[in-house]
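Student: Taking my numbering, I'd label the letters of the sequence shown as residues 1 to 390.
Don't read these hints as lab results, they were simulated from the structure.
Please note that the accuracy of each hint is not assured.
Straight line, CA to CA, 27 Å or less: simulated DSS-like cross-link-like pairs of lysine-lysine [unchecked claim]:
#  : residue 1 : residue 2
1  : K62       : K44
2  : K62       : K166
3  : K108      : K154
4  : K360      : K154
5  : K51       : K301
6  : K62       : K295
7  : K108      : K44
8  : K154      : K167
9  : K44       : K295
10 : K166      : K44
11 : K167      : K301
12 : K108      : K301
13 : K154      : K62
14 : K360      : K301
15 : K51       : K108
16 : K62       : K108
17 : K295      : K166
18 : K360      : K167
19 : K301      : K53
20 : K62       : K51
21 : K166      : K154
22 : K166      : K301
23 : K108      : K53
24 : K295      : K360
25 : K44       : K154
26 : K167      : K108
27 : K51       : K167
28 : K53       : K360
29 : K108      : K295
30 : K62       : K167
31 : K108      : K166
32 : K295      : K51
33 : K44       : K167
Keep in mind that this is a model prediction, so the values were computed, not measured.
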Amino acid sequence: MKHKLIQAIGAGFVAATAGAFAGDVTVIPVSEPEPCGDWCDTLKNIGTVYKDKENPFIQEVKFFGRAHQQWGHTDGEIGGTDFHEEGDELRRLRFGTSVKFLNGFQLKARANFENGGFRSTSIRYSGFDELNLEYDIGDVAGFEDVTVGYGRYKVAFGGEEHESSKKIKTVERSLINNFYAPDRATGVLIEAERNDIDLTLGVFTVEGDPETFGQWNGGIAYYGSLAFEAGEGDVTLDLLINDATAEESEVIDYEWASSATFETEVGGFDLFTNATYGETHAGDNVYGIVIMPSKELIEDKLEAVVRYQWARSSGADLLRPQSRNTRNAAGLDGVNIPRGDEHHSIYGGLNYFVCDHNAKLMTGVEFETVDGGDADTDATTLWLAARMYF
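Could you build all of it, start to finish, from the sequences and the hints given here?
Tutor: Written out as structure tokens, the structure is:
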């Protein structure tokens, strides 16, 4: 079967990538850092079109954008039925602006222009990604760098979700992250620092809107996050509580969830670990872990990464493979993917930095399995991606 061949190819790729993590690995030194060149400097700095801290009215104007194109080939099997499809996708196309004004205010707007999905590179305005106004209060009541904002936000719940898509190390985030990641939500966000601890508190409506602000006619969700240094690494703790019924919930589809992330360096390797636990509206628990070591093979140019993820649910039929690309591929072949109660995945990849994260190429292979339900699912996806931002 064709998917057996691609699994063998993928296994070799993961083995080769994982070999970078076995034994002592020495980063290939760059004798003298070479400048990226004028084009790279321009890419990094072109967005700032105005900056003057002495101006009492407008202090800074920035434009920014990102373009993420990717291709995937997936081979899989469900209960003896094979499927295999490939296709490209304009994953993200976003442009926006931020304006700092009146010595404390910042208005930020970022819009989505990708309008397709798997096998689509269609471009059309499809709503705001984020749209908010924030005010920098400064130091107050023992807290430092206090900011208060209102608008449409990305709610950064979970370790992988805290990292921008501009800088994630894998082509797609893990299933357990995507299970709990909220849609864009409207609400109040407060950020502050105290005793070297970064604190974030949010209150959001669970009503969604595909383009701008959600209404406040239903339930409310509460978000909290702490980030601090401990144990020679960085710790991030997240909690999200949804005080709404299943019928009211549009941007957060569960009762509550908690996440603990620890990032450190071990023997020259960057090591990311995350544990997530939560409860659905039906009272079932969904939980999992992510372990992701990464290593620079060529300084500032080539990085190897391996990610293992395990997810489990106490209720049946809650977990299913990733939409990108397993479900997409199966759907094109007319194969229905049943849900299960346990999910494993392992990803191995290489990232080549043309101009830091501002312009990079990504390649990888991901195995995933779902057990339980009517039939077990096994799938392998080969990834290629090109990403840039300014």
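Student: Does each hint fit the structure? Answer for all of them.
Tutor: Hints and how they fare:
1. With a C-alpha separation of about 12 Å, the suggested pairing of K62 with K44 holds against the 27 Å cut-off.
2. Simply put, K62 and K166 have alpha-carbon atoms about 17 Å apart, close enough for the 27 Å limit, and the pair holds.
3. Taking the CA atoms of K108 and K154, the gap is about 12 Å. The hint holds against a cut of 27 Å.
4. A hinted pair counts as satisfied when its Cα atoms are at most 27 Å apart, and K360 with K154 qualifies at roughly 24 Å.
5. Distance hint between K51 and K301 is unfulfilled; the C-alpha atoms sit about 31 Å from each other, more than 27 Å.
6. For the hint linking K62 to K295, the alpha-carbon distance of about 33 Å lies beyond 27 Å, and the restraint is violated.
7. Only pairs whose Cα atoms come within 27 Å are accepted, and K108 paired with K44 is accepted, the gap being roughly 19 Å.
8. In summary, the hint linking K154 to K167 is supported, as the alpha carbons are separated by about 16 Å, within the 27 Å threshold.
9. A threshold of 27 Å between alpha carbons decides the hint, and for K44 with K295 the separation of about 24 Å falls inside it, so the pair holds.
10. At most 27 Å may separate the alpha-carbon atoms for a hinted pair to count; K166 and K44 meet this at roughly 13 Å.
11. With a CA separation close to 14 Å, the supplied pair K167 and K301 stays within the 27 Å bound.
12. Distance hint between K108 and K301 is unfulfilled; the C-alpha atoms sit about 32 Å from each other, more than 27 Å.
13. Restraint check: the Cα-Cα separation between K154 and K62 comes to about 19 Å, which is no more than 27 Å; the hinted pair holds.
14. Taken as a hint, the K360 and K301 pair is honoured in the structure, with Cα atoms around 9 Å apart against an allowance of 27 Å.
15. About 16 Å separates the Cα atoms of K51 and K108, which keeps this hinted pair within 27 Å; it holds.
16. Between the alpha carbons of K62 and K108 the distance comes to roughly 9 Å, so the proposed pair stays at or under 27 Å and holds.
17. For the hint linking K295 to K166, the alpha-carbon distance of about 18 Å falls within 27 Å, and the restraint holds.
18. The straight-line distance between the Cα atoms of K360 and K167 is roughly 10 Å, inside the 27 Å bound, and the hint therefore holds.
19. With a CA separation close to 35 Å, the supplied pair K301 and K53 exceeds the 27 Å bound.
20. As the CA atoms of K62 and K51 are separated by approximately 9 Å, the hinted pair is consistent with the 27 Å bound.
21. Between K166 and K154, the direct Cα distance comes to roughly 14 Å. Compliance with the 27 Å bound is thereby established for this hinted pair.
22. Proximity of K166 to K301 is assessed by CA-CA distance (about 16 Å); at most 27 Å being required, the pair is judged to hold.
23. For the suggested pair K108 and K53, the alpha carbons sit about 18 Å apart, so the restraint of at most 27 Å is met.
24. A C-alpha spacing of about 16 Å is found between K295 and K360, which places the hinted pair at or below 27 Å, so the restraint holds.
25. Between K44 and K154, the direct Cα distance comes to roughly 23 Å. Compliance with the 27 Å bound is thereby established for this hinted pair.
26. A C-alpha spacing of about 20 Å is found between K167 and K108, which places the hinted pair at or below 27 Å, so the restraint holds.
27. For the hint pairing K51 with K167, the CA-to-CA distance comes to about 25 Å; that is within 27 Å, so the pair holds.
28. As the CA atoms of K53 and K360 are separated by approximately 33 Å, the hinted pair breaks the 27 Å bound.
29. For the proposed pair K108 and K295, the alpha carbon gap of about 34 Å is over 27 Å, so the pair is violated.
30. Under the criterion of a C-alpha separation no larger than 27 Å, the hint pairing K62 with K167 is consistent with the structure, at around 20 Å.
31. About 17 Å separates the Cα atoms of K108 and K166, which keeps this hinted pair within 27 Å; it holds.
32. Using a Cα cut-off of 27 Å, the hinted pair K295 and K51 is violated, with the two alpha carbons roughly 36 Å apart.
33. Simply put, K44 and K167 have alpha-carbon atoms about 14 Å apart, close enough for the 27 Å limit, and the pair holds.
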